[in-house]
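Use the sequences and the hints to build the structure in full.
Just so you know, the protein sequences line up as chains A and B, in that order. For the first sequence, position 245 (counting from the first letter as 1) is numbered 245 according to our numbering, and the numbering increases by one without interruption. For the second sequence, position 73 (counting from the first letter as 1) is numbered 73 according to our numbering, and the numbering increases by one without interruption.
Take these hints with a grain of salt, some might be off.
Unchecked claim - Label-pair ranges, simulated between beta-carbon atoms:
{"id": "1", "chain 1": "B", "residue 1": "16", "chain 2": "A", "residue 2": "122", "range": "31 to 39 Å"}
{"id": "2", "chain 1": "A", "residue 1": "27", "chain 2": "B", "residue 2": "31", "range": "36 to 44 Å"}
{"id": "3", "chain 1": "B", "residue 1": "16", "chain 2": "A", "residue 2": "31", "range": "28 to 36 Å"}
{"id": "4", "chain 1": "B", "residue 1": "174", "chain 2": "A", "residue 2": "31", "range": "16 to 24 Å"}
{"id": "5", "chain 1": "A", "residue 1": "128", "chain 2": "B", "residue 2": "24", "range": "25 to 33 Å"}
{"id": "6", "chain 1": "B", "residue 1": "174", "chain 2": "A", "residue 2": "82", "range": "48 to 56 Å"}
{"id": "7", "chain 1": "B", "residue 1": "75", "chain 2": "A", "residue 2": "31", "range": "15 to 23 Å"}
{"id": "8", "chain 1": "A", "residue 1": "122", "chain 2": "B", "residue 2": "174", "range": "56 to 64 Å"}
{"id": "9", "chain 1": "A", "residue 1": "122", "chain 2": "B", "residue 2": "24", "range": "24 to 32 Å"}
{"id": "10", "chain 1": "A", "residue 1": "24", "chain 2": "B", "residue 2": "156", "range": "16 to 24 Å"}
{"id": "11", "chain 1": "B", "residue 1": "153", "chain 2": "A", "residue 2": "76", "range": "38 to 46 Å"}
{"id": "12", "chain 1": "B", "residue 1": "131", "chain 2": "A", "residue 2": "18", "range": "18 to 26 Å"}
{"id": "13", "chain 1": "B", "residue 1": "160", "chain 2": "A", "residue 2": "27", "range": "44 to 52 Å"}
{"id": "14", "chain 1": "A", "residue 1": "76", "chain 2": "B", "residue 2": "75", "range": "22 to 30 Å"}
Said to hold, decoys possible - Restricting the straight-line Cα-Cα distance to at most 25 Å, the calculated cross-link-like pairs of lysine to any residue (SDA-like) are:
{"id": "15", "chain 1": "B", "residue 1": "147", "chain 2": "B", "residue 2": "93"}
{"id": "16", "chain 1": "B", "residue 1": "73", "chain 2": "A", "residue 2": "27"}
{"id": "17", "chain 1": "B", "residue 1": "43", "chain 2": "A", "residue 2": "64"}
{"id": "18", "chain 1": "B", "residue 1": "43", "chain 2": "A", "residue 2": "20"}
{"id": "19", "chain 1": "A", "residue 1": "26", "chain 2": "B", "residue 2": "90"}
{"id": "20", "chain 1": "A", "residue 1": "249", "chain 2": "A", "residue 2": "215"}
{"id": "21", "chain 1": "A", "residue 1": "26", "chain 2": "B", "residue 2": "64"}
{"id": "22", "chain 1": "B", "residue 1": "21", "chain 2": "B", "residue 2": "7"}
{"id": "23", "chain 1": "A", "residue 1": "279", "chain 2": "A", "residue 2": "219"}
{"id": "24", "chain 1": "B", "residue 1": "170", "chain 2": "A", "residue 2": "3"}
{"id": "25", "chain 1": "B", "residue 1": "131", "chain 2": "A", "residue 2": "44"}
{"id": "26", "chain 1": "A", "residue 1": "4", "chain 2": "A", "residue 2": "18"}
{"id": "27", "chain 1": "B", "residue 1": "46", "chain 2": "B", "residue 2": "148"}
{"id": "28", "chain 1": "A", "residue 1": "65", "chain 2": "B", "residue 2": "12"}
{"id": "29", "chain 1": "A", "residue 1": "247", "chain 2": "A", "residue 2": "270"}
{"id": "30", "chain 1": "A", "residue 1": "279", "chain 2": "A", "residue 2": "237"}
{"id": "31", "chain 1": "A", "residue 1": "247", "chain 2": "A", "residue 2": "212"}
{"id": "32", "chain 1": "B", "residue 1": "91", "chain 2": "A", "residue 2": "50"}
{"id": "33", "chain 1": "A", "residue 1": "25", "chain 2": "B", "residue 2": "131"}
{"id": "34", "chain 1": "A", "residue 1": "218", "chain 2": "A", "residue 2": "201"}
{"id": "35", "chain 1": "B", "residue 1": "46", "chain 2": "A", "residue 2": "66"}
{"id": "36", "chain 1": "B", "residue 1": "166", "chain 2": "A", "residue 2": "21"}
{"id": "37", "chain 1": "A", "residue 1": "65", "chain 2": "B", "residue 2": "170"}
{"id": "38", "chain 1": "A", "residue 1": "39", "chain 2": "B", "residue 2": "7"}
{"id": "39", "chain 1": "A", "residue 1": "65", "chain 2": "B", "residue 2": "30"}
{"id": "40", "chain 1": "A", "residue 1": "218", "chain 2": "A", "residue 2": "245"}
These aren't lab readings, by the way, just hints derived from the structure by calculation. None of the values given here were measured: they were computed from a predicted structure. No residue lacks a Cβ here, since even glycine has one placed at the ideal position from N, Cα and C.
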Amino acid sequence: MDSKEYIASGKIEEYILGLLSPEDKKELLEFAEKHPEIKQEIEANQAALNQYANAFSQIPPEDLKESIMAELDALAEEEANAPQKRTLTSSVNQEKLAQNTQIKTIPKFRIPLIVASVALLLSLVGNMLLYQNWQNTQRKLHTALLDNTQFAQKLQVNQTENQLLAQKLDLLKNPANQYVELKGSDAFPESKVLIYWDDNAETVFLQIENLPEPPEGKQYQLWAIYQDKAIDAGVFETGDKAKQLQKMKAIAGADMFVVTLEKKGGVPQPEGQAYVIGKVS
Amino acid sequence: MQASSKLLYQELELINLLKQKDRQSFSTLYDCYSPALFGVILKIVKIEEVARDVMQESFVKIWKKIDSYDREKGTLFTWILNISRNTAIDKIRSADYRHSQQTSDINDEVTKTQPSTQTPIEHIGLDTLVKSLRIEYQEVINIIYFKGHTHTEAAEALSIPLGTLKTRVKAALQELRKLTYDFG
Chain A
1 MDSKEYIASG
11 KIEEYILGLL
21 SPEDKKELLE
31 FAEKHPEIKQ
41 EIEANQAALN
51 QYANAFSQIP
61 PEDLKESIMA
71 ELDALAEEEA
81 NAPQKRTLTS
91 SVNQEKLAQN
101 TQIKTIPKFR
111 IPLIVASVAL
121 LLSLVGNMLL
131 YQNWQNTQRK
141 LHTALLDNTQ
151 FAQKLQVNQT
161 ENQLLAQKLD
171 LLKNPANQYV
181 ELKGSDAFPE
191 SKVLIYWDDN
201 AETVFLQIEN
211 LPEPPEGKQY
221 QLWAIYQDKA
231 IDAGVFETGD
241 KAKQLQKMKA
251 IAGADMFVVT
261 LEKKGGVPQP
271 EGQAYVIGKV
281 S
Chain B
1 MQASSKLLYQ
11 ELELINLLKQ
21 KDRQSFSTLY
31 DCYSPALFGV
41 ILKIVKIEEV
51 ARDVMQESFV
61 KIWKKIDSYD
71 REKGTLFTWI
81 LNISRNTAID
91 KIRSADYRHS
101 QQTSDINDEV
111 TKTQPSTQTP
121 IEHIGLDTLV
131 KSLRIEYQEV
141 INIIYFKGHT
151 HTEAAEALSI
161 PLGTLKTRVK
171 AALQELRKLT
181 YDFG
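Encoded structure:
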């Protein structure tokens with residue numbers, strides 16, 4: 001019998017409907033083993049019959065699954081509890097089963113591992129971002145604090161300047177005060193010092209507008225020239241305090257004011273070079 | 001083609017797990033095929049209570065016999081469908097069932113004449129498949145496939161010669177193949 005005859009015989013249809021005798025069935029399957037077209041024919045008929053059977057589908061009662069799974073669980077437990085009953089040959093199968101189970105459990109084991117790895121990675125990335133953020137914040141805070149300090153310093157400077165201006169304003173507003181501008185001598189044309197003198201109260205205030213820093217061991221000294229005599233009005237500070245109003249010694253009368261550079265602490269009569277000079281108007 | 005090879009892969013994977021008696025795989029098997037199996041069982045035994053028992057017995061058999069299943073000899077669905085069908089046919093041949101049937105003939109008639117209250121889950125196309133198949137072909141398939149009758153029994157039940165029955169069986173399946181190809 002060749003393939004065509006086999007297909008024409010109707011044995012394939014009988015086989016899939018379960019009509020063939022065990023001998024005929026065995027013969028058909030052996031034949032199909034050697035002839036792919038027969039195998040294909042069997043599969044095609046089977047698929048059609050399966051579809052037909054499928055057409056009668058009914059959803060089983062909801063509780064049926066639970067009942068079936070419970071029985072399968074019981075069977076599994078039974079099998080697990082009686083492994084010693086198995087013969088020697090089946091221990092090989094058991095070993096295989098164990099191997100299979102192992103193969104099967106690896107992915108199960110891996111899933112949490114992969115999940116954990118991903119979580120860790122995300123966490124690390126998150127931490128890095130947070131750390132960078134934190135560092136940025138730190139840097140910004142540091143800058144802000146620095147700015148703040150600078151502002152505070154500026155504020156202090158401003159406040160000092162304000163005080164100075166207020167004092168100056170007070171001095172200027174007071175009509176008793178005479179304002180004397182001491183200008184640079186020929187040797188020091190850039191230098192300038194301001195004097196506020198109240199001849200009634202005999203108070204003298206000095207403010208440096210511009211004076212070179214005195215060398216080590218030297219200090220500027222203010223003199224009131226009155227009736228061709230030099231009267232000591234005291235030494236004064238330079239540098240940071242240069243812009244502040246400095247209260248000098250009391251002067252009752254003056255025609256002009258002169259600043260000379262003397263040795264530190266001052267001298268009774270001027271010896272050094274004159275830097276600035278201004279006449280009282 | 002890719003989709004079908006994916007399905008094949010999934011089936012092979014499922015078979016592998018079933019052979020290891022993996023619990024989840026049996027749960028998956030149930031979810032995938034229980035409507036088809038229950039439908040066929042119900043079609044054979046007709047009584048829901050009996051169908052439940054047969055379904056349960058069938059899954060126990062599947063569980064116990066899965067080691068002997070050979071993918072080379074047919075698809076998983078064919079295999080479990082045949083187990084369920086044979087279990088159901090064995091049931092209607094059993095003395096218990098025959099005895100209960102005698103007392104519940106009226107119930108059986110009710111089941112036969114009234115449409116089931118349960119809705120078939122499969123596509124309308126498959127429902128149409130059955131309706132599209134000529135009634136004499138349906139008869140011949142049903143009497144052999146769902147009642148488990150032999151050639152001779154079937155020929156007798158249908159009152160046709162044995163040769164005619166054999167020709168009709170072949171024609172029925174050819175027609176079914178054509179239809180499933182159309183509906184497929």
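Hint check results:
no., hint, result
1, B/16 with A/122: 31 to 39 Å, "holds, 33 Å"
2, A/27 with B/31: 36 to 44 Å, "holds, 38 Å"
3, B/16 with A/31: 28 to 36 Å, "holds, 29 Å"
4, B/174 with A/31: 16 to 24 Å, "holds, 20 Å"
5, A/128 with B/24: 25 to 33 Å, "violated, 39 Å"
6, B/174 with A/82: 48 to 56 Å, "holds, 50 Å"
7, B/75 with A/31: 15 to 23 Å, "holds, 20 Å"
8, A/122 with B/174: 56 to 64 Å, "holds, 60 Å"
9, A/122 with B/24: 24 to 32 Å, "holds, 28 Å"
10, A/24 with B/156: 16 to 24 Å, "holds, 21 Å"
11, B/153 with A/76: 38 to 46 Å, "holds, 40 Å"
12, B/131 with A/18: 18 to 26 Å, "holds, 24 Å"
13, B/160 with A/27: 44 to 52 Å, "violated, 27 Å"
14, A/76 with B/75: 22 to 30 Å, "holds, 25 Å"
15, B/147 with B/93, "holds, 9 Å"
16, B/73 with A/27, "holds, 14 Å"
17, B/43 with A/64, "holds, 17 Å"
18, B/43 with A/20, "holds, 23 Å"
19, A/26 with B/90, "holds, 23 Å"
20, A/249 with A/215, "holds, 24 Å"
21, A/26 with B/64, "holds, 23 Å"
22, B/21 with B/7, "holds, 21 Å"
23, A/279 with A/219, "holds, 22 Å"
24, B/170 with A/3, "holds, 16 Å"
25, B/131 with A/44, "holds, 21 Å"
26, A/4 with A/18, "holds, 21 Å"
27, B/46 with B/148, "holds, 14 Å"
28, A/65 with B/12, "holds, 23 Å"
29, A/247 with A/270, "holds, 20 Å"
30, A/279 with A/237, "holds, 22 Å"
31, A/247 with A/212, "holds, 20 Å"
32, B/91 with A/50, "holds, 21 Å"
33, A/25 with B/131, "violated, 31 Å"
34, A/218 with A/201, "violated, 30 Å"
35, B/46 with A/66, "holds, 22 Å"
36, B/166 with A/21, "holds, 15 Å"
37, A/65 with B/170, "violated, 37 Å"
38, A/39 with B/7, "holds, 20 Å"
39, A/65 with B/30, "holds, 7 Å"
40, A/218 with A/245, "holds, 20 Å"
In this structure, the hints that do not hold are numbers 5, 13, 33, 34, 37, in rising order.
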